[in-house]
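Q: Residue-level listing of the chains:
2 protein chains.
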Amino acid sequence: MEYPYPIKIRAVWWDNNRVCWIDTSKLPFEEKIYCTDDPERLAKAIITMEIRGAPAIGVAAALGVAAYALKISSTNREEFVKRVEEAIKTLWNTRPTAHNLFWALTRMRNTLKTSIDEELSPTDIAERLRREALEIMDEDIRANIRMGEYGAELVPDNATILTHCNAGALATAAFGTAEGVMRVAWYKGKKIRVIATETRPVLQGARLTVWELMKEGIPVTLITDNMAGYVIRRGMVDLVIVGADRVTREGYVINKIGTYMIALAAKRNNVPFYVAAPTSTIDLNSSIDDVVIEERDPEEVKKVLGRPITLENADALNYAFDITDPDLVTAIITEKGVVKPPYPENLKRIVGSQG
Amino acid sequence: MEYPYPIKIRAVWWDNNRVCWIDTSKLPFEEKIYCTDDPERLAKAIITMEIRGAPAIGVAAALGVAAYALKISSTNREEFVKRVEEAIKTLWNTRPTAHNLFWALTRMRNTLKTSIDEELSPTDIAERLRREALEIMDEDIRANIRMGEYGAELVPDNATILTHCNAGALATAAFGTAEGVMRVAWYKGKKIRVIATETRPVLQGARLTVWELMKEGIPVTLITDNMAGYVIRRGMVDLVIVGADRVTREGYVINKIGTYMIALAAKRNNVPFYVAAPTSTIDLNSSIDDVVIEERDPEEVKKVLGRPITLENADALNYAFDITDPDLVTAIITEKGVVKPPYPENLKRIVGSQG
Numbered sequence: 051m052e053y054p055y056p057i058k059i060r061a062v063w064w065d066n067n068r069v070c071w072i073d074t075s076k077l078p079f080e081e082k083i084y085c086t087d088d089p090e091r092l093a094k095a096i097i098t099m100e101i102r103g104a105p106a107i108g109v110a111a112a113l114g115v116a117a118y119a120l121k122i123s124s125t126n127r128e129e130f131v132k133r134v135e136e137a138i139k140t141l142w143n144t145r146p147t148a149h150n151l152f153w154a155l156t157r158m159r160n161t162l163k164t165s166i167d168e169e170l171s172p173t174d175i176a177e178r179l180r181r182e183a184l185e186i187m188d189e190d191i192r193a194n195i196r197m198g199e200y201g202a203e204l205v206p207d208n209a210t211i212l213t214h215c216n217a218g219a220l221a222t223a224a225f226g227t228a229e230g231v232m233r234v235a236w237y238k239g240k241k242i243r244v245i246a247t248e249t250r251p252v253l254q255g256a257r258l259t260v261w262e263l264m265k266e267g268i269p270v271t272l273i274t275d276n277m278a279g280y281v282i283r284r285g286m287v288d289l290v291i292v293g294a295d296r297v298t299r300e301g302y303v304i305n306k307i308g309t310y311m312i313a314l315a316a317k318r319n320n321v322p323f324y325v326a327a328p329t330s331t332i333d334l335n336s337s338i339d340d341v342v343i344e345e346r347d348p349e350e351v352k353k354v355l356g357r358p359i360t361l362e363n364a365d366a367l368n369y370a371f372d373i374t375d376p377d378l379v380t381a382i383i384t385e386k387g388v389v390k391p392p393y394p395e396n397l398k399r400i401v402g403s404q405g
Numbered sequence: 051m052e053y054p055y056p057i058k059i060r061a062v063w064w065d066n067n068r069v070c071w072i073d074t075s076k077l078p079f080e081e082k083i084y085c086t087d088d089p090e091r092l093a094k095a096i097i098t099m100e101i102r103g104a105p106a107i108g109v110a111a112a113l114g115v116a117a118y119a120l121k122i123s124s125t126n127r128e129e130f131v132k133r134v135e136e137a138i139k140t141l142w143n144t145r146p147t148a149h150n151l152f153w154a155l156t157r158m159r160n161t162l163k164t165s166i167d168e169e170l171s172p173t174d175i176a177e178r179l180r181r182e183a184l185e186i187m188d189e190d191i192r193a194n195i196r197m198g199e200y201g202a203e204l205v206p207d208n209a210t211i212l213t214h215c216n217a218g219a220l221a222t223a224a225f226g227t228a229e230g231v232m233r234v235a236w237y238k239g240k241k242i243r244v245i246a247t248e249t250r251p252v253l254q255g256a257r258l259t260v261w262e263l264m265k266e267g268i269p270v271t272l273i274t275d276n277m278a279g280y281v282i283r284r285g286m287v288d289l290v291i292v293g294a295d296r297v298t299r300e301g302y303v304i305n306k307i308g309t310y311m312i313a314l315a316a317k318r319n320n321v322p323f324y325v326a327a328p329t330s331t332i333d334l335n336s337s338i339d340d341v342v343i344e345e346r347d348p349e350e351v352k353k354v355l356g357r358p359i360t361l362e363n364a365d366a367l368n369y370a371f372d373i374t375d376p377d378l379v380t381a382i383i384t385e386k387g388v389v390k391p392p393y394p395e396n397l398k399r400i401v402g403s404q405g
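Top line first, the protein sequences correspond to chains S and B.
Under my numbering, the first residue of the first sequence carries the number 51, and numbering increases by one thereafter.
Under my numbering, the first residue of the second sequence carries the number 51, and numbering increases by one thereafter.
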């Protein structure tokens, strides 16, 4: 595939009929790569956050279904269909909040259904699934690049951008959503700087965003999550750009825990707060009341990189995401254009349109 | 000394003409105690945060001046005065933000001056300094208890209190400011629960607040700093209570980095935001423009408990405190009563009054 910008980092890719990924849980200390055609192994990689970031999870799940279908394509048709459906179910149940996972697996399931209706052989169905998964991956990268181009228009020269977590190449198939905007601005010659929050408990900012931006050569400064408000209040931030795990039809943004407080600080200090999200993240069928906020193992909070930071018998809570109200969001950057309030009607219009 | 409530934990105390402290930088993993009459050793303990928390720093500095004065009281008068003044200067230059440090050292310097004017001998001056330092320590504990009694009136039964950092026994001579309010509410039979933020980079919440409240038997749940907004938004928090390193005459609250974003989330969700601060923390002479926000070594941000969380050559920022605007503060709890807006006049009235 040819893209208009360099693709230096990939989180998830296809190699020799297997899905491959860089284990982001070990970065930047180890650069480990795994490949598999086993849905259980892939599910484990998603649950333990070897693969993380809503778009990357969606792409990986699609590729995983295809790899498994190719592997079992010599079995009889009934058994083949049953097992592919089981694989889809296994991957569906890995993480509850990201919309892209369900969106990508629904596309794979629809492809399976259509192929069954057409009475294709398992080998032909597997080939269809492979093509669909690769299409999903390619669409993700192209969507990120287009999002980057739309978003870069919003970035002034010499701007300092604050971001949270990692919405970069390591959260997508490649290029990134929030970091995609930074990349296009940078490639177009804008002298940007980035302030990255460390993003406890799993430290995606300190481990992934810093690593990814340093590889790209974009100046980046690390802060603790609780410093974001103060650097915004001091006037050190020109705009905030974050990714999203899900955007509801009303424009609520579900993203990494901590996003909400950054949005509050941005609003208070009149700093624009942008969300970069492909339309695959926008769920017109779900209202804020339907969203399940994942609670993860409290041990992630009680430890840092596996080492205890509190008493062993301490109680802890671990919400993985939070909810940012629509009135705090200046605009949502998608691959089909920049969406501004009122979100209920404008999101509907853009998701429905041909991009 | 007799106090109306149990004093289970002390951060700083006087023993055999030396100042003693528990090394809070090692808690809860090691309970190390040190004693000294050497101002340089004490200054190091303050700089490296073996002793931390605005009131504890003030008390420790006062006791440190007294211990040193007693040690050198056999030298000639001129030399004695010169060296005590040098010790005050050494301790003055340890940390720039906490007001109590300057307040306590100013009291010690004034005692020194009065004693010089009265032409007392070094031995008698040292004894005066000892009495003044012990008085400062006792006043701190009594102020915390009175603050706790005023503050407990604001705590409903069955309330969940969110706190940040550690404004507890380990941040004062004993009993605590914010935690003093919790202690009195608890001793009076209110079934409170506490949500404690971990407080990066130095983890005073995870290490100290959890340890201190578990020792007291008060139920406590640990969260990451970036979860505070979401738990407030979910309606899980009835009130916020934090300490302060300094309150300006306008009512700006300078406290541990992250306080500002918690205050924004509390305001947004109509949750009361209280600051517990002895009047020694309130600086009527300083305006917000005079406040120096300490920047500490970026290595604290790049590491957790000494272990790297990012690339070695990454850039990082480390502001130790932030500024919360007066309109975000529901009330300031002092040992002389609860101060409500408008702060400029009401702070002046309470600090000036006889407690």
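The set of hints was computed from the structure by calculation and includes no laboratory data.
Among the clues, some could well be false.
Any copy will do: because identical chains look the same in the list, a pair fits if it lies in one copy or spans two.
[To be verified] Taking lysine-lysine pairs in the DSS-like style, the calculated list, with each CA pair at most 30 Å apart, reads:
id, residue 1, residue 2
1, 353, 241
2, 58, 265
3, 94, 390
4, 94, 386
5, 76, 265
6, 386, 121
7, 386, 76
8, 121, 238
9, 265, 353
10, 58, 132
11, 58, 386
12, 398, 353
13, 132, 82
14, 163, 139
15, 353, 76
16, 238, 132
17, 76, 398
18, 265, 121
19, 240, 265
20, 163, 238
21, 121, 390
22, 132, 241
Q: Evaluate each hint against the coordinates.
A: Going down the list of hints, with the structure as the test:
no., hint, verdict
1, 353 - 241, "between (37 Å within a copy, 28 Å between copies)"
2, 58 - 265, "within (8 Å within a copy, 52 Å between copies)"
3, 94 - 390, "neither (37 Å within a copy, 53 Å between copies)"
4, 94 - 386, "neither (33 Å within a copy, 58 Å between copies)"
5, 76 - 265, "within (17 Å within a copy, 36 Å between copies)"
6, 386 - 121, "neither (36 Å within a copy, 76 Å between copies)"
7, 386 - 76, "neither (34 Å within a copy, 53 Å between copies)"
8, 121 - 238, "neither (43 Å within a copy, 67 Å between copies)"
9, 265 - 353, "both (28 Å within a copy, 21 Å between copies)"
10, 58 - 132, "neither (38 Å within a copy, 64 Å between copies)"
11, 58 - 386, "within (24 Å within a copy, 62 Å between copies)"
12, 398 - 353, "neither (42 Å within a copy, 44 Å between copies)"
13, 132 - 82, "neither (33 Å within a copy, 62 Å between copies)"
14, 163 - 139, "within (15 Å within a copy, 79 Å between copies)"
15, 353 - 76, "both (15 Å within a copy, 16 Å between copies)"
16, 238 - 132, "neither (49 Å within a copy, 63 Å between copies)"
17, 76 - 398, "neither (39 Å within a copy, 54 Å between copies)"
18, 265 - 121, "neither (36 Å within a copy, 57 Å between copies)"
19, 240 - 265, "within (17 Å within a copy, 54 Å between copies)"
20, 163 - 238, "neither (44 Å within a copy, 66 Å between copies)"
21, 121 - 390, "neither (45 Å within a copy, 70 Å between copies)"
22, 132 - 241, "neither (53 Å within a copy, 54 Å between copies)"
Going down the numbered hints, you'll see the structure goes against 3, 4, 6, 7, 8, 10, 12, 13, 16, 17, 18, 20, 21, 22, while the others check out.
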